[in-house]
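Protein chains in written order, with our numbering: chain A, 426 to 678; chain B, 39 to 246.
Just so you know, the hints here were simulated from the structure itself, not pulled from any lab data. Everything numeric in this text was worked out from a predicted model, so none of it was measured. Backbone N, C-alpha and C fix where the C-beta goes; we use that ideal spot for every residue, glycine too. The reader is advised that the hints may include incorrect statements.
Said to hold, decoys possible - Taking lysine-lysine pairs in the DSSO-like style, the calculated list, with each CA pair at most 27 Å apart, reads:
no.	chain 1	residue 1	chain 2	residue 2
1	B	Lys-72	A	Lys-568
2	A	Lys-463	A	Lys-653
3	A	Lys-568	B	Lys-204
4	B	Lys-161	B	Lys-72
5	B	Lys-232	B	Lys-72
6	A	Lys-463	A	Lys-430
Unchecked claim - With the C-beta cut set under 8 Å, the calculated list includes, among others, these residues of chain A facing chain B:
no.	residue
7	Ile-499
8	Phe-500
9	Phe-504
10	Leu-505
11	Ile-527
12	Leu-565
13	Pro-566
14	His-571
15	Leu-572
16	Tyr-579
17	Pro-601
18	Val-629
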Amino acid sequence: MLNEKAIDHSSLMARFDPRLKIIGMVLFSVLVAVMERKAAIGFAFLLSITMVFLSGLKFRDVVKGLAPVNSMVIFLWFFLPLSVNGVDIRILGPLTASREGIDLAVLITLKANVMMLMFISFAATTNVMTAGQALACLGLPSKLVHLFFFTYRYIFVIESEFITLRTAMAIRGFVPRTSVHTYRSYAYLVGMLLVRSWDRAERVYRAMICRGFNGTFYSLSGFAMTRKDGVIFGVMCLWMMVMGYVEWVVKAF
Amino acid sequence: MHISEGVLRPEILAGTAFLTAGFVAAGLRRIDEKEIPAMGILSAAFFVASLVHVPAGPVSVHLVLNGLLGIILGIRAFPSILIALFLQALMFQFGGFTSLGANTLNMALPAFVCWLALGWAGKPETGSKTVGLVGFLVGFFSVFLAGVMVGLTLAMNGEAFYPAAKTAVLAHVPVMFIEGVLTSSCLLFIRQVKPEMLAGQAGKKSRW
């Protein structure tokens, strides 16, 4: 069952202005995406792990958040050490891998995890609705923001409808197998899900119109930037400059 | 398959993000304010579909539904899929922020192409046999093309990624057939129960 995650508002990151948090996360992600030197990525890691600490996250949640990225990373580890031409090194018996291939795989592993740590520190400390409002403040087209809010709202509706319908099927003795019957039953399940939710969306929209909805969502809590937000953002930017310096200017590493 | 952060080269990230932004902007222009709640339903269904696992022999695969979304939404599938993927990144850390453009393009462009080729079948006067066949083709090719695009994106990253790219394409093969059967039955179901869901976009063919 999907749950709206509870945000712990006591941490420094949770109280950091969401607009600056998004800008910082975006700048950081883009910067790390173009970096190629391990030393610079090491500096990036220091910033992202600091952000994770300031988010007050449990170790278990951080590991859970890193899992999807690393499933892709592991997938690539099966191929890259063998598919890059270069100096062969022996790993186990007749199995060899190229040093360049391992280097590339290590680089990807580091970048992926460093970027994901920063993303986790943002995602775990920002309410999805707040993130939507912050994106609207940052100039995301209003239609896209509305779509974002409605989609987020209906994810939970659709999921609970899905569980209801699946339970109804199970009660009637449906056991999923690899058969056309199974796929057809799932197709009707999806169809029914869409039809029921569609009607519901129409009713909700009419109810909103009745209550004077004019195409704007109002927020009761405005964003207010404080000096502390500025300081955190400034430190982030300074550190990103250090990262850039290590990546492009310093020759020593 | 979501491509995660840190894998693709910056040129590819920038190129795909640029293309996605263009398509999303074009899609947004075709959205009427009144349609947004219904579109939210479809985005949410796309989001939930990837959590629904169906058996495929010894393993299980999750539904994709990008073809179904494409046939109902046309080019509006771009904003719809973008939002669903962004929410998946926020809530489950699937994919990631910088690869959002690539992942949206890989999912939504096949949906749009299927709609361009087969979107006419959404008209109410189309026979049920035709709709069934078109549904299969839409489900099959939207996943096939998505697999090819994931493969191409990885392959553009450099020669070293060729074997991984080929494996990624092959992994989509069982899903194509499942999605074909599923989309076919699902379209027939919708056509019978709520034909106006399909008619919305078929009538707009001239002004995509």
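Restraint check for A/Lys-568 with B/Lys-204, where alpha carbons must lie at most 27 Å apart: 38 Å, violated
Hint status (Cβ of A/Ile-527 to nearest Cβ of chain B, threshold 8 Å): With a closest approach of 11 Å, the A/Ile-527 hint is violated.
Proposed proximity, B/Lys-72 with B/Lys-232 (alpha carbon, max 27 Å): 18 Å, holds
Per-residue hint verdict: A/Phe-504, partner chain B, C-beta under 8 Å: Since the shortest Cβ distance to chain B is 4 Å, the answer is holds.
Hint check: 8 Å Cβ-Cβ cutoff, A/His-571 to chain B: 5 Å, holds
Restraint check for B/Lys-161 with B/Lys-72, where alpha carbons must lie at most 27 Å apart: 21 Å, holds
27 Å Cα cutoff - pair A/Lys-463, A/Lys-653: 31 Å, violated
Agreement of hint A/Val-629 with chain B interface, Cβ distance less than 8 Å: This interface hint holds because 6 Å falls under the 8 Å limit.
Restraint outcome when A/Pro-601 is required to lie within 8 Å of chain B by C-beta distance: 5 Å, holds
Interface restraint verdict for A/Tyr-579 against chain B (beta-carbon cut-off 8 Å): OK, holds: A/Tyr-579 within 8 Å of chain B, min 4 Å.
Pair hint A/Lys-463 and A/Lys-430, alpha-carbon separation not exceeding 27 Å: 34 Å, violated
Minimum beta-carbon distance criterion (8 Å), A/Phe-500 to chain B: A/Phe-500 check passes; min Cβ-Cβ to chain B is 7 Å, inside 8 Å.
Checked against the numbered hints above, the structure breaks hints 2, 3, 6, 7, 11 and 12 and satisfies the rest.
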